[in-house]
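*Asks:* Here is how the chains run, residue by residue.
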Amino acid sequence: MSSMKRITGAIFQAAAVIVISVAVSFIHNALSSNGIDPFRKIDQVPVVDDSADFGADGIRIITLEKLKEVIDSGGVVIDSRSAAEYRNGHIPGAVLLDYYEFGRQMDNVIPLLDFEEEFAIYCSGPLCEDSSMLARELYTLGYRKILVFKGGVERWEEEGLPLAAGGI
Amino acid sequence: MNNVFLSEYLFESAPSLELDNTGREKRSWIKDPIVILVIRLILASVFIYAATQKIGKPLLFADEIRMYGILTGGPLLYIISIVLPWMEIFCGLSLISGIFMRGAALILAVFNLAFIFVISFRSVLIIRNEGTPFMSIFFDCGCGFGATYAWKKLIEDALLLAGAVLIFAAPPYRFVFYPRRKRREL
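Chains Z and G, in that order, give the protein sequences. Quick note: the first sequence uses the numbering used here, first residue 28, plus one each step. Quick note: the second sequence uses the numbering used here, first residue 9, plus one each step.
Hints are computed from structural coordinates only; laboratory data are not their basis. Even for Gly, the Cβ is constructed at its ideal location relative to N, Cα and C.
Derived, one-sided and incomplete: chain G residues facing chain Z with beta-carbon distance under 8 Å:
1. G64
2. K65
3. P66
4. L68
5. P83
6. Y86
7. I87
8. I90
9. W94
10. C99
11. S102
12. G111
13. A112
14. L114
15. G154
16. F176
Below, computed lysine to any residue pairings styled on SDA-like, alpha-carbon distance capped at 25 Å:
17. K65/G with G116/Z
18. K65/G with L123/Z
19. K65/G with E181/Z
20. K39/G with T35/Z
21. K65/G with I54/Z
22. K65/G with I63/Z
23. K160/G with A111/Z
Whole structure, please, built from the sequences with the hints as guidance.
*Replies:* Here is the structure:
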């Protein structure tokens, strides 16, 4: 077989692998509960402004100052990242509830939550979406005082605040 | 090569052997089918394991891709986060089975080149913005193996790239799970 034919053959084969992968991945994405719309807009969470009112949507984006208030008043803070990330360093006092492990980990967190009390959720930083996705999930369970700290661990570290390691 | 069918491109035939002047087969150890098979199995297990860590978690993977600061939103980001893990799976299966093996090796070579490029890009950004020495740069590349030093990841990806190139350049065999040696009828 000439080398030219081998290279052309490899390109044909690669195209075949790509077509199969794209087809299977989109089918899987459509059927999976974690599937997403690739044309989605980032953060489709209803966002109420940073003022005191939760409005009808029940989810509010908060600043670091507000997060500190929640922690000081003994409110629950939820880390929506993975267990490994949580172990490496989380905001002190935060409990783990990985958005992708919701079914398995919710039993540890749900008893801590009160429908009448504010609680805060964060993930790695301003660009991550896990905290917003988890907020939506909790919203469907009836919670209406959900605070999302968009700055996440990144903002927390920027302020020179300490992280706690281990915990689970 | 007057009549070349698509199937001939997709499924390769057994090789004709090159003989040296003593009548022995000319082939360096690096082209030995057993060596190539071992490389195939290593690459396949690395990529299949990596894929299982992120398959079905497109948002999580999208976040990890975003961290590179190259692609921060839009359909392309989400399409990559949906498709890439499956491509790793199928390339891995292809390397194991030998079906479309050369095409899979080509894809993995391109992937590893891209990984090396984006990891270097992110490292340069970190050096410029935070002044971290190169050897101390530590982040989760989103590859599926957790956070590690960037220099380790670059060496790893360079080795995987070399493996993919060797598989690509290996003498043609058809459907090999266990490599066969078949002399072509003259």
